[in-house]
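*Asks:* Each chain, written out:
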Amino acid sequence: MLKQIEGSQAVAEAVARCRPEVVCAYPISPQTHIVESLGRLVASGELRHCEFINVESEFAAMSVAIGASAAGARAYTATASQGLLFMAEAVFNASGLGLPIVMTVANRAIGAPINIWNDHSDSMALRDCGWIQLFAENNQEAVDLHVQAFRLAEELSLPVMVCMDGFILTHAVERVDLPTQDQVDAWLPPYEPRQVLDPADPVSIGAMVGPEAFMEVRYLAHYKQRQALDLIPEWATQFQQVFGRAAGGLVRAYRCEDAETVVVALGSILGTLKDTVDALREEGLRIGVLGLHCFRPWPAEAVRAALAHVGRVVVVEKSLAVGLGGIVSQNVRAAYPHSPDHVHTVIAGLGGRAITRASLAGMLRSAAGGTLGRLTFLDLDEGLVARALAREKAQRRTGPLAEALLRDVGVVAARPA
Amino acid sequence: MAYKPIRFYQTGTFTVGNRLLPEGQRSVQADMRRTNSLNSGHRACQGCGEALGARYALDAAMQATRNQLIAANATGCLEVFSTPYPETSWQIPWIHSLFGNAAAVATGIAAAMRAKGRPDVRVVAQGGDGGTTDIGIGCLSGMFERNDDVLYICYDNEAYMNTGVQRSSATPGAARTATTPADGGAAGNAFGQGKDMAAIALAHEIPYVATATVAELRDLEAKVRRAMEFRGARYIHILVPCPLGWGHASDATIRVARLATETGLFPVFEAEYGSVTRVSKIRRRVPVEEYLRTQQRFAHLFREPARTDLIERIQAAADRNIRRYALLDEAEAP
Numbered sequence: 001m002l003k004q005i006e007g008s009q010a011v012a013e014a015v016a017r018c019r020p021e022v023v024c025a026y027p028i029s030p031q032t033h034i035v036e037s038l039g040r041l042v043a044s045g046e047l048r049h050c051e052f053i054n055v056e057s058e059f060a061a062m063s064v065a066i067g068a069s070a071a072g073a074r075a076y077t078a079t080a081s082q083g084l085l086f087m088a089e090a091v092f093n094a095s096g097l098g099l100p101i102v103m104t105v106a107n108r109a110i111g112a113p114i115n116i117w118n119d120h121s122d123s124m125a126l127r128d129c130g131w132i133q134l135f136a137e138n139n140q141e142a143v144d145l146h147v148q149a150f151r152l153a154e155e156l157s158l159p160v161m162v163c164m165d166g167f168i169l170t171h172a173v174e175r176v177d178l179p180t181q182d183q184v185d186a187w188l189p190p191y192e193p194r195q196v197l198d199p200a201d202p203v204s205i206g207a208m209v210g211p212e213a214f215m216e217v218r219y220l221a222h223y224k225q226r227q228a229l230d231l232i233p234e235w236a237t238q239f240q241q242v243f244g245r246a247a248g249g250l251v252r253a254y255r256c257e258d259a260e261t262v263v264v265a266l267g268s269i270l271g272t273l274k275d276t277v278d279a280l281r282e283e284g285l286r287i288g289v290l291g292l293h294c295f296r297p298w299p300a301e302a303v304r305a306a307l308a309h310v311g312r313v314v315v316v317e318k319s320l321a322v323g324l325g326g327i328v329s330q331n332v333r334a335a336y337p338h339s340p341d342h343v344h345t346v347i348a349g350l351g352g353r354a355i356t357r358a359s360l361a362g363m364l365r366s367a368a369g370g371t372l373g374r375l376t377f378l379d380l381d382e383g384l385v386a387r388a389l390a391r392e393k394a395q396r397r398t399g400p401l402a403e404a405l406l407r408d409v410g411v412v413a414a415r416p417a
Numbered sequence: 001m002a003y004k005p006i007r008f009y010q011t012g013t014f015t016v017g018n019r020l021l022p023e024g025q026r027s028v029q030a031d032m033r034r035t036n037s038l039n040s041g042h043r044a045c046q047g048c049g050e051a052l053g054a055r056y057a058l059d060a061a062m063q064a065t066r067n068q069l070i071a072a073n074a075t076g077c078l079e080v081f082s083t084p085y086p087e088t089s090w091q092i093p094w095i096h097s098l099f100g101n102a103a104a105v106a107t108g109i110a111a112a113m114r115a116k117g118r119p120d121v122r123v124v125a126q127g128g129d130g131g132t133t134d135i136g137i138g139c140l141s142g143m144f145e146r147n148d149d150v151l152y153i154c155y156d157n158e159a160y161m162n163t164g165v166q167r168s169s170a171t172p173g174a175a176r177t178a179t180t181p182a183d184g185g186a187a188g189n190a191f192g193q194g195k196d197m198a199a200i201a202l203a204h205e206i207p208y209v210a211t212a213t214v215a216e217l218r219d220l221e222a223k224v225r226r227a228m229e230f231r232g233a234r235y236i237h238i239l240v241p242c243p244l245g246w247g248h249a250s251d252a253t254i255r256v257a258r259l260a261t262e263t264g265l266f267p268v269f270e271a272e273y274g275s276v277t278r279v280s281k282i283r284r285r286v287p288v289e290e291y292l293r294t295q296q297r298f299a300h301l302f303r304e305p306a307r308t309d310l311i312e313r314i315q316a317a318a319d320r321n322i323r324r325y326a327l328l329d330e331a332e333a334p
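Chains R and Z, in that order, are what the protein sequence lines are.
Here the numbering used here is used: position 371 in the first sequence is 371, and no number is missing along the way.
Here the numbering used here is used: position 128 in the second sequence is 128, and no number is missing along the way.
Incorrect hints may have been included.
Pairs of lysine to aspartate or glutamate residues, derived as EDC-like cross-links and limited to a Cα-Cα distance of at most 16 Å, are as follows [stated by the list, open to error]:
1. Lys281(Z) to Asp219(Z)
2. Lys116(Z) to Asp198(R)
3. Lys281(Z) to Asp319(Z)
4. Lys281(Z) to Asp329(Z)
5. Lys3(R) to Glu174(R)
6. Lys116(Z) to Glu192(R)
Treat the hints as calculated values from the structure; they're not laboratory data.
What you are looking at is a predicted structure, and each value in this text was computed from that prediction instead of being measured.
I would like the entire structure built from these sequences, with the hints used as guidance.
*Replies:* In structure tokens, the structure reads:
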């Protein structure tokens, strides 16, 4: 069903068609529109047999989802940024207990300095929390990944995080083919939990586990995540048969066949990258794009196969491991079958800085020309950094750092175009 | 015909043969159908007030719900001593998630039961004072405010006992704990403003709030039964002495709990929708000193030079409770 719709509302419609039984809502930008929309669907009676609970924190949101899921209900929540960190303890707990909760993360920067705009710092901070992490390229895929996520979570008894870029996707109104209820019902069977709190068959869940079995519990979580590496591509094909369009999969290559350079990225930046690559191909550069649609489990084999013939890799990522560099690129280097020196890290778009085609094209030309460094911060205002460093050299009490930078920048709107 | 309840006094308590009572007043523990929700064989210390309170509370809740009960547990002594796998003491469906989220997990379970059309299945959340008054208060207050259909039971032993007796916000002034030492003239825990969790629950105007101690287990059972008659958020705060943390003999748990009520330090009452409906009167009022002297955690108050100033502050707190909750008949009130 084609509809001109905001990304958040489209995701809410898709989630509703997955028949969640408990939805926990706590507002945080840029996720809020999703739970608002679900609240309306419950209030209007369109989404029946669903408890919509306004909680007092993200920690409670995940905790309510844990209780609901352990009691055999299909549970969903959504969050972003500080909210994901605030619930972090419960996020680990949900995966440790093997509860198939689905959560949308509307990716947003983490403070301080406080910043509401998009990057991937939040999801990346929790990349090893035991949840499957899927990344949407556009709103169509965000919708489709949620429909896949519930089935994947319940099949493996593992929680799934669907990551979509905050504002860029959540607040973008575009054409989305929404799945019908019949399609989703054909795709997603009712939830049959492996463990459930049931007075007719009492079990204890969440006991202390010592050294005698803890490793094995962790290993099995790893083992199950690795199973997703087989299921995700298999189900991407199945999904196409039911819904008539491709979605998901581990990785997707664009114009990589004869590429000398391949740009690796995840999320909405893939669209801009494809446009840029199209333009650069006109200039004669042999360049392609490899989109990562699943980040955990890490699709090492798929990445290795996709990059086997490629002499240079550029990873464009919206997160920074402070003191190290790239996060995604560490993973790519480990999977790349050739010298890790040929994998370049480009940190871009932190805190919502626009990633323009012009900047990407310039960076990729220098990559093709062999002049791109191992670690690059795209469009870093080096003058601004130099001023701050000079101030710190000149005096001890320089005051609050971020505020000093803002003073240096001045009123953005007053700057010449 | 005028009805006068018979009181059988035995070493100062209401102990009475079960057969002499009408069926509704008999102890759940004396019922052949009792469920042993928290079964024997667990690893609690000898004389543990929490294990005793939990057994009575949950068996009463099971009886009230015709065994349709699910429990969510905060991290703490009760969680650790009850599930030394491969053994579990829980004969009821039970989940432990985290230290600070038992109330929210219980909310989730209750929501799942509503979504699945199982209103007969009821939910109890439980935690110690640390999991309730400190780290779990956010989730607990949220559960109260939404009036979720959960009975939350706090087993208050006035410190973090599971980690080795550290101070919590429920630790009384002057008490010695591992983080409020009484060495070298230090006076133990500082007198703060206190955190009266039952009063906080009361301020949410939830359907039912009660306090109880393990000294009056029949009263505790009755309160759990009463709590299960309501839908919505309910709170029972149970004082459970800890022989290890308080430094009293393991056979003194009941006596110490009784002294806490007879001094007025721990008022025992029931409330509905924000108003106190019943208080347990003090039958034999005792000065706080009698209570304090039973416990090593207050021993420093009685060494030379005795800290009569601090004992007086504690007595003042007890007197305030007695006035506030009218714990004495008017003639005897301070």
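*Asks:* Tell me if the straight-line CA distance from Lys281(Z) to Asp319(Z) falls inside 16 Å.
*Replies:* Within the cut-off at roughly 13 Å; holds.
*Asks:* Would the pair Lys3(R) and Glu174(R) pass a check requiring their Cα atoms to be no farther apart than 16 Å?
*Replies:* Since the Cα atoms of Lys3(R) and Glu174(R) sit roughly 8 Å apart, the hinted pair holds (cutoff 16 Å).
*Asks:* Holds or violated: Lys116(Z) and Asp198(R), Cα atoms, limit 16 Å.
*Replies:* holds, 12 Å
*Asks:* Take a quick look at whether Lys281(Z) and Asp219(Z) sit within 16 Å of each other, Cα to Cα.
*Replies:* holds, 13 Å
*Asks:* Decide if the proposed pair is consistent with the structure: Lys116(Z) and Glu192(R), CA atoms, cutoff 16 Å inclusive.
*Replies:* holds, 13 Å
*Asks:* Does Asp329(Z) sit within 16 Å of Lys281(Z), going by the straight-line distance between their CA atoms?
*Replies:* Distance of about 7 Å is within 16 Å: holds.
Violated hints for the displayed structure: none, as all numbered hints are satisfied.
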